[in-house]
Amino acid sequence: MSSMMAVCYRGAGRVDVEDVPRPTILNPRDAIIQVTATALCGSDLHLFNGFIPTMQPGDILGHEFMGRVVEVGPEVRNLSPGDRVVVPFTIACGRCFFCQREMWSLCDNSNPNAAMAEKLYGYSSSGLFGYSHLFGGYAGGQAEYVRVPYADVGPFKIPDGLGDEQVLFLTDILPTAYMAAENCGIQPGDTVAVWGCGPVGLLTINCAFWLGAERVIAIDHVPERLELARRHGGAETINFEEADVHETLRAMTGGLGPDACIDAVGLESHGHSLDAMYDKVKTSVYLSTDRIHALRQAIYCCRKGGTLSIPGVYGGFLDKLPLGAAFSKGLQLRMGQTHVHRYLEPLLKRIQGNGTPGFDPTYIISHRFSLEEAPRAYEMFNTDKGHCTKVVFKPAQAV
Amino acid sequence: MSHIESPPSTSRHPIPMDASGFEPASRCSRRVNVSHSERNVSRIAGAALLLNGLCGPRSTRPLSLLSAAGLLYRGATGHCHGYEALGISTAWKDHADEGAAAAVPAQHGVKVHESVVIQRSPEDLFQFWKNLEGLPAAMRHLESVTESGAGKSHWVARGPMGIKLEWDAEIFTEGDHEFIAWRSLPGGDVDTAGSVHFRPLPENRGTLVEVVLKYDPPGGKWAARLASLLGVGAEREIREDLRRVKALLEAGAPPTVNGQTHGRRP
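Those protein sequences? They're chains A and B, same order as listed.
Position one of the first sequence corresponds to residue 1 (my numbering), numbered consecutively onward.
Position one of the second sequence corresponds to residue 1001 (my numbering), numbered consecutively onward.
Just chain A, same shape as in the assembly (with noise of 0.2 Å):
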């Protein structure tokens, strides 16, 4: 059997890029791509630092990735090879009662672990590429080649013309970006503050405009990215480490507060204040999973009736949670698994612009390198946030 390069997970601070067989065809419904870019994701470093549990040596990482079929199982009849398509990182079945709905990333069929998903969180979620063993085990696209499940409802097919970076975040950060936005319900006239300016909190500025909010204020501590937010976002900002976020807000909309929070930073925030170092002795010696510091000051800060959208990543169970401040304020919360395959499409004519300038992605990327330099590039995404916002991989075979 032939081999290709694949970053492999072999524990919490350490991942190896390792010789491994290629793929194969396991069901009827799969397919085979041959990866030309993939990228590292700020989830990939909650695998990366041990954050999300059953994660097993050896386990294939990345679930960003696009690439040319190379082979179709015999059920799969929209693709040939040949075909250049983006995959979403949610595997969906595309049949059951949520695919049917519309809530791709909450298929009830995609994760053959659903038992162990089931024990913790009730029901089962889909599976993910490379994202843990809780999440199905699939192996990820952070490799040349990649098996796809469900290939005939997840592949969606790049029209020539467009270049890999430009269409690469459709399989995550884009379309996440978009459903954060678009799960606060914006009204014309509001604002929207936006928790991290990592790689989704800068596109969900984007998307925000978008959507008819007036203002965005964008919220982070690395100059870098705030400039980011600035230049190609157009968001107000505030740094978390000069300035008191709450009272600023206040004063920025009046004593009202911003009607939409999205906090785009998820489990591993980072903070200066008492309950952040509190979060951080706790998950440090495992008492608590998730260091909430983010989520806890978006419920503080946001207007009553206002929205909460969460695109960050949580995991296991939350410690100091201010529900009182979310049910005095009266808050909507909407969180979830991005369903990537409902905004494919509208986002892609939007990156393709028809008639006038497309959206381009690419300005978020900070970083190209090679399979090879994975290990250097997981430890720079993870330690230095003011110069690497984004890295892309591009597998080495690929033309």
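If you are wondering where the hints come from, they were derived from the structure by calculation, not from laboratory data.
Incorrect hints may have been included.
[What the hints assert, rightly or not] In the EDC-like style, the derived pairs of lysine to aspartate or glutamate whose C-alpha atoms are separated by at most 16 Å in a straight line are:
1) B/Lys1111 to B/Glu1210
2) B/Lys1111 to B/Glu1235
3) B/Lys1130 to B/Asp1176
4) A/Lys119 to B/Glu1235
5) A/Lys394 to A/Glu373
6) A/Lys119 to B/Glu1240
Once you've looked at the hints, dock chain B against the given chain A.
Below, chain B without anything else, positioned relative to chain A:
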């Protein structure tokens, strides 16, 4: 005060959901207090332990030989001293089946009730279940089912700890596209009876599939409880089987990562 409306009663089902139950007969001899099927299991388990006692790890040999002797005696004579001391007998089952309505007596055995909603019509599901020989494809605890005509069939399953269990069964009643009920025939390793009902849900919400299974487990209720504690109980197995049936019928194939590529495992 709110009024809670009770769900529609299942009593409108043409057969009771619990498709078993008959009176125990006390026609067995004084000496034999172990049923035919249990004797079979004792013989198999005894033989396995004997093998372990002769060839297995040195430390477990004495215990294996001792247990093997007990089980082989139990299998050969049909007499269990333990049952005698506790005043238990399962031997009546061998006689009670003639003309009886079901395979597992009331107040006896283990009952499993599982349900699943599948996005297919009751007709499709009925057809799937009627094709007994197709069931092992989705149900992992079944090795094979062979239909022998006239509603009769031969079943081979993997029991706890990999023990192979065989029995004959018959479909004794069915309602067109609504339900199927079956029971085992005397002489097998397991006494079992069960039913599956298909009920369409409103507003295109699919079909509710309800499975009720009753069986006299080899080793009795306590063995079943132990298996359940260890996470290998029938309830879990049936739930996983139904999950696979659902994935097979909705998605065309149950999801799998078996055989996929991966990096070096420690």
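Evaluated hints:
1. B/Lys1111 to B/Glu1210: Measuring from Cα to Cα gives roughly 13 Å; hence the hint holds.
2. B/Lys1111 to B/Glu1235: Since the Cα atoms of B/Lys1111 and B/Glu1235 sit roughly 9 Å apart, the hinted pair holds (cutoff 16 Å).
3. B/Lys1130 to B/Asp1176: holds (11 Å)
4. A/Lys119 to B/Glu1235: holds (15 Å)
5. A/Lys394 to A/Glu373: This hinted pair holds, its Cα atoms lying about 10 Å apart.
6. A/Lys119 to B/Glu1240: holds (13 Å)
Taken one by one, the earlier hints all hold for this structure without exception.
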